[in-house]
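Engineer: The listed protein sequences correspond, in order, to chains E and C.
In the numbering used here, each number is its position in the first sequence, counted from 1, plus 361.
Anchor point for the second sequence: position 115 equals 114 in the numbering used here, and the numbering is continuous, going up by one each time.
These aren't lab readings, by the way, just hints derived from the structure by calculation.
Take these hints with a grain of salt, some might be off.
Simulated DEER-style distance windows between Cβ atoms [claimed, not checked]: (1) S389/E x P164/C: 16 to 24 Å; (2) L105/C x S389/E: 34 to 42 Å; (3) R390/E x Q188/C: 23 to 31 Å; (4) S389/E x I346/C: 42 to 50 Å; (5) S389/E x P343/C: 15 to 23 Å; (6) N296/C x S389/E: 27 to 35 Å; (7) S389/E x D148/C: 33 to 41 Å.
The calculated EDC-like cross-link candidates involving lysine to aspartate or glutamate, where the alpha carbons are at most 20 Å apart (straight line), are [to be verified]: (8) K132/C x D87/C; (9) K399/E x D115/C; (10) K132/C x D115/C; (11) K399/E x D85/C; (12) K150/C x D189/C; (13) K150/C x D78/C; (14) K399/E x D119/C; (15) K399/E x D68/C; (16) K132/C x D85/C; (17) K399/E x E88/C; (18) K399/E x D89/C.
Not close to chain E: a few residues of chain C, all C-beta gaps over 12 Å, as computed [what the hints assert, rightly or not]: (19) F30; (20) S38; (21) D70; (22) D85; (23) Q131; (24) H135; (25) F138; (26) D146; (27) A190; (28) L223; (29) S270; (30) L281; (31) E298; (32) Y323; (33) I365.
Keep in mind it's a predicted model, so treat the numbers as computed, not measured.
Glycine included, each C-beta is placed from N, C-alpha and C at the ideal position.
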Amino acid sequence: MASVLLTGCASVDDQGQRAVTRPNMQFSRSAIYTYSSKLMLQLQPGLAISGGAQPSTCALCR
Amino acid sequence: MIRTLGVLLLGGVIAMAEEVPLFPPPFTLEFDPEAIWASDILLSESRVRFEHQIGDVNWDASFSYTSFDMDYRPFTEFDFFGFEEDLDEDRFGGQANLRYGLADQLTLLVGGGAYDGYPDYRRVWIANRYRQKYDHPDFPTIPGYEDPDPKGWSAYAGVRWEYLPLAGFADVKLNYAADQTAPGYEDSQDAAGNYLLLRGREHLQTKGVGVSSENVLTSWLRSLNEFSVSETSERDPRFSYQGSVNVALGPAWTLRGYGGITTEAPRFDASFFGATLEWEPLRDFFVGVTGRYYEDNGEIEDSLLTSSAAPPLRSWELGGGLRYVWQRSAIKLYVASVRTDYDPIRIGTAEFTYLYSDRNWVLAQIAYSWQF
Chain E
362 MASVLLTGCA SVDDQGQRAV TRPNMQFSRS AIYTYSSKLM LQLQPGLAIS
412 GGAQPSTCAL CR
Chain C
0 MIRTLGVLLL GGVIAMAEEV PLFPPPFTLE FDPEAIWASD ILLSESRVRF
50 EHQIGDVNWD ASFSYTSFDM DYRPFTEFDF FGFEEDLDED RFGGQANLRY
100 GLADQLTLLV GGGAYDGYPD YRRVWIANRY RQKYDHPDFP TIPGYEDPDP
150 KGWSAYAGVR WEYLPLAGFA DVKLNYAADQ TAPGYEDSQD AAGNYLLLRG
200 REHLQTKGVG VSSENVLTSW LRSLNEFSVS ETSERDPRFS YQGSVNVALG
250 PAWTLRGYGG ITTEAPRFDA SFFGATLEWE PLRDFFVGVT GRYYEDNGEI
300 EDSLLTSSAA PPLRSWELGG GLRYVWQRSA IKLYVASVRT DYDPIRIGTA
350 EFTYLYSDRN WVLAQIAYSW QF
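Isolated chain C (complex conformation) (with noise of 0.2 Å):
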């Protein structure tokens, strides 16, 4: 009888540690690819990362990978020699992240990444513009062109204080970065009226500084208020603020909200808002729907004669999500439709109509975690 009832307690003491365990597994293991389609751009990002937690110390390093494909389409109103082409270009980026207990309420945070490839599809679009006409396979090439060889790396140093136990959290966070791009042309006259083909800053270095305040204002609401400013060569600087609040409505429901601005001077504008509504209906079993809104009012232009500068842009996102965590796995699922919608173009920008046509996209993201 004593033995059976061991057993049982036994028993029930591993099921339990099974289900619950009392300190959480050191390992954790992560895959997230995404990707993001309209009818003539496919873009994805993939990424797996690894995180270990060893007495005071959290480390984690991730891997990533990224590619555009694109059907190029020159706009000939303006390119004459322009021809269309199938792009596929990729990127390919590393990042670590180191988090060290300096003392109870005290948290060390330095880190560093490094990329080689082009940072989006609109500088892989440009920059295929710039070939066709600085360097076409029917004419010789224009001195002064060269190939571009995108990259670059950045690191951070900060501090976590929590000034509240549990429920007060402030970050500050040195950031800099260095990048070689891939850099803009324009059609010139040196002193003497000879065509000269002018070339945009190639290496480019960002400073910035970013505080954060993360606080438990209630048993049921939790906020965060993100700033940073950065500048970066030539310009002037950029301000970006994000608040997020997130909300237990219920034992089943939470709201997730955010919403922000970015300025950069002389006029530069960007405003950002969305919210994320979860259920439980089953235990570890989340449904979700998304709804997001972004506007701008145009990329800076500083150019002579023609720019790639992005007209005003207004962007929806509305989606949804499954998220299901089974012992110490867990797998997300998230659909969406995105629509991007550019102000007319300008006459300075001709040469890019179809880089800022208008689109539908659908983004589909997969993400799953393994703890052990």
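Only chain E is shown next, with the shape it has when bound in the complex (with noise of 0.2 Å):
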């Protein structure tokens, strides 16, 4: 598993970059490309989450 995610990525060459390179193949942080939603964070309390540390929800619940 460790391999795989550390080394196993694939010799790429000019023509597949552009495949991979499209913006709708990046991870990106540009609200265009972004395929998830602000608000199914409150719907959905146990999506995971990118980025810092969210505010928390609960008080006597846990």
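The two chains are supplied separately, each in an independent frame; assemble them into the complex guided by the hints.
Structural biologist: This is the structure in structure tokens:
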């Protein structure tokens, strides 16, 4: 698993790079190419979250 | 003749430069409002984001506004003095991020943000329940109750390592967040048997670390693996994993899939997955369909009698979207139907029966981006 994550990347030629560098093939921060919803975090409290820590929402419930 | 040829060549170069700039413009401005509504709840979040690339430095700043509009409805079988109300609350937030190239393959990542307002609609509903119960307009305020003032801030720092040029990236981030919550309350007794209003913890700190690895695995496959662990005051650590793959199915077809799990002791478990299939029928015009599924086994209760903890939840989403890129501008539209389906309410959570009702939602997103 670790070897795939760290070293399992293919040597990609220029032709191949054109496919994987298409904007919709990237993991972008741009709102245009973001495929999630900020509001769904309110409905689904267990969604994994990238970035900084999020506000906690429970007091007596944990 | 030579002059005409020169003009044509120059015109061609200018036209090409207009369509495909050699260097991306340094500034980006984005506006991305979205809303989701059911028969008794309307939520919206709008964000303006500015990004600037200058040399080895990339920074962005954003401002967001979130609104919560709800028809509050008490569960009168348990809440004898509760009354219906229209709730209107909002939250303001800001976030800034900086990326600085420390070396050829190493980038520093730092950022932070702050917000003032409720974190989500459930906390607005729950806080109003406590307000009606302990600060009812027709009765004296119960000693120990305080009006909530939720707000908080967060910060992170980390590095991004490009360990294979254009094909392998690893990120490590340390996160910290401080939240002043709208606390919960419980009816109790002191040692002498007198009534005592117990107030939940108001100030929470969250510390976490996130690790991710992005890889170009083949000429048609890009993956992202994200793992995070965080610990919030008086709680056990929460572990989250999300794996994502983007697959170029053909020159005009792209499939984006993801799946993940979250777990927190003693017994919170969530899992989710989804996919988007995108087609480019005309150059720079995209059509996509998205499906997602989410489930968890309910929030963890540790209260004595009553609890605001959510029961187990399942949720489905099915939507469609369009995206059009025109020179340096781009616009995205997305509309989806969302269903939330909770398990039956437990007796200790009966006060929040209408909060945890099953609902059919409509989600609508718009995003506009301009590079200049």
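Engineer: Taking each numbered hint in turn, which are not upheld by the structure, reported in ascending numerical order?
Structural biologist: 2, 3, 5, 10, 11, 12, 13, 19, 28, 29, 31, 32, 33
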